[in-house]
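J.: Residue numbers (the working numbering), protein chains in the order written: chain A, 528 to 990; chain B, 7 to 94.
Source of the hints: derived by calculation from the structure; they are not laboratory data. None of these values were measured; they are calculated from a predicted model. Warning: the hint list may mix true and false statements.
[Said to hold, decoys possible] Have a look at the derived ranges for each label pair, beta carbon to beta carbon: (1) Phe16(B) - Lys966(A): 37 to 45 Å; (2) His609(A) - Ser54(B): 36 to 44 Å; (3) Arg645(A) - Phe16(B): 29 to 37 Å; (4) Lys966(A) - Lys20(B): 31 to 39 Å; (5) Arg563(A) - Lys20(B): 18 to 26 Å.
The beta carbon of each residue, even a glycine, is placed where N, CA and C say it ideally should be.
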Amino acid sequence: MTPEVTQQLLDAAYIVATVLFILAIKWLSSPVSARRGVLAGEIAAALAVGATLCNPELVAYKWVIITLILGAAVGIPLGLVHMTAVPQRTALSHAFGALSAALIGIAEFYVKAPNVPRFGMAEIGLEVIIGSLTFTGSLIAAGKLQEILPQRPIVYRGQNLVSLSVLSAALLLAIALVVNPANTILFPIMVVVALVFGVLLVTPIGGADMPTVISLLNSYAGFSAALLGFVLNSKVLVVAGALDGSSGFILSVIMCKAMNRSFTNVMFGAFGQVQAGAAAAAEERTVRSASPEEAAGILAAANSVVIVPGYGMAVAQAQHKVRELYDVLTKKGVAVKFGIHPVAGRMPGHMNVLLAEADIPYERLVEMEEINSDMPQTDVALIIGANDVTNPAARTDASSPIYGMPILDVDKARTVMVIKRSMNPGFAGIENPLYYLDKTLMLFGDAKNFVGSIVRELAGGHS
Amino acid sequence: MFILAGFVGFELIKRVSPLLHTPLMSLTNALDAIVVVAAIIIAGRQESPLATVLGAIAVAASFSNMVGGFVITDRMLRMFKTGQPKKS
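Assemble the whole structure, with the sequences as input and the hints as a guide.
T.: Have a look at this one:
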């Protein structure tokens, strides 16, 4: 084949791959066609990688083959992690993706240096900064999710000023490089500064804000890939990066809305700092608590039950017990649904995946807005390890730090039961008035054990 | 191109139900790993030892994402079942 023909075939393969990528996302819109989407993505990826291996520019295959095998050897176990580990796996894969994009940008710089054209330098500079900060930021996020690092926000005075100065320093270095690309010594400094900024960006963020952070890092990783596409003049990279970037962006916006935070608030990393001040106002109020036997009795007498899962269910690994509860209640003719808040858990859609893992049919997983209109007709709302997303203060108390955040209106159900380990306020340190309502019963205990006891009670005696 | 792709992505992703947000993220991650293509070229062109080393690390990092991303997305999606017993 002549080089022209080869090049045309390569281009054609990339175009097909690009189209398949778009179809993959399109098919993912419904659970029915979603697996076809994965297949389309796989074919596209195989096509693009295969075509690239045929690229005549390649002269040495040894390292390419070795690292491809190495990548698969690392990737397959990472694809087989337990579903509860999905958030940290996702953060880790953002880190890998960003690392890869940053390294390619760096390599591209040194291949061309010191004669990098100015426009190219601007692209490379921006790409490498975003890639580097996403790499370290995602590593910190993964560390927090894996609980290697403390989940609570680490804050100090003047934090935003320090973080912003570091970011500005990285950008100024990039600008200096654009002005004079021959000044190559600035490049590694810029990389290090960007890496430091990634750490500063994520350390102040608490566990409860992880869904937003993960989405944001996802979007950064995507945009760095898209920028890399510009640097290398590769359309398939631009498209894949733009898809990933806009997906992360939309998810971040959804997460922000679901927590009533402004997007700028998140962009500057100034979050996770919800002040614990509101908790101070808590006076002694009484709560009613109940035993598993009483809870089972109330559930058995109900016609409709809405279960609201939260991060506590994930921590206690209670999803399989919840499924048993779902089974036994359904058998008794109780209509059971699950109310899913967009930010429940540690990443977007976290609860859905856990409940799906436990074999709960997905039609039973209902989004917030829809379930809220059912709430007034619901006999029992059973809250398992969720807190702030059910706090009615978000609707009523303008002084509450979460005021305005959309919540699941569990307080409108006839009876509310809350499985919780203790009366400690949740992650954000906000008192939840829900627990003091007359219709609320507190079920103190570990989510898994408590749900297990209810199931035993329901399945045991009088069925 | 970027704006077009961003726009198409925006329209498509807005329609993905929140039910599938986690698989969405892992799938887009796998697609994003297409940077492996650029990494392969950098690693295989043998322009300088530095570029080869950086490219090789990038190949491993992004290919692990690609493989792992597809594996886990498929595993997740297989778990999403309807209440009707038959219909795989």
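J.: Now tell me if each hint is right for this structure.
T.: Hint by hint, here is what the structure shows:
1. For Phe16(B) and Lys966(A), the Cβ-Cβ distance of about 43 Å falls inside the hinted range of 37 to 45 Å, so the restraint holds.
2. Distance hint check: the CB atoms of His609(A) and Ser54(B) are about 42 Å apart, consistent with the given range 36 to 44 Å.
3. For the hinted restraint 29 to 37 Å between Arg645(A) and Phe16(B), the CB-CB distance of approximately 31 Å keeps it satisfied.
4. In this structure the supplied range 31 to 39 Å holds for Lys966(A) paired with Lys20(B), their Cβ-Cβ distance being about 37 Å.
5. About 20 Å separates the C-beta atoms of Arg563(A) and Lys20(B), a value consistent with the hinted range of 18 to 26 Å.
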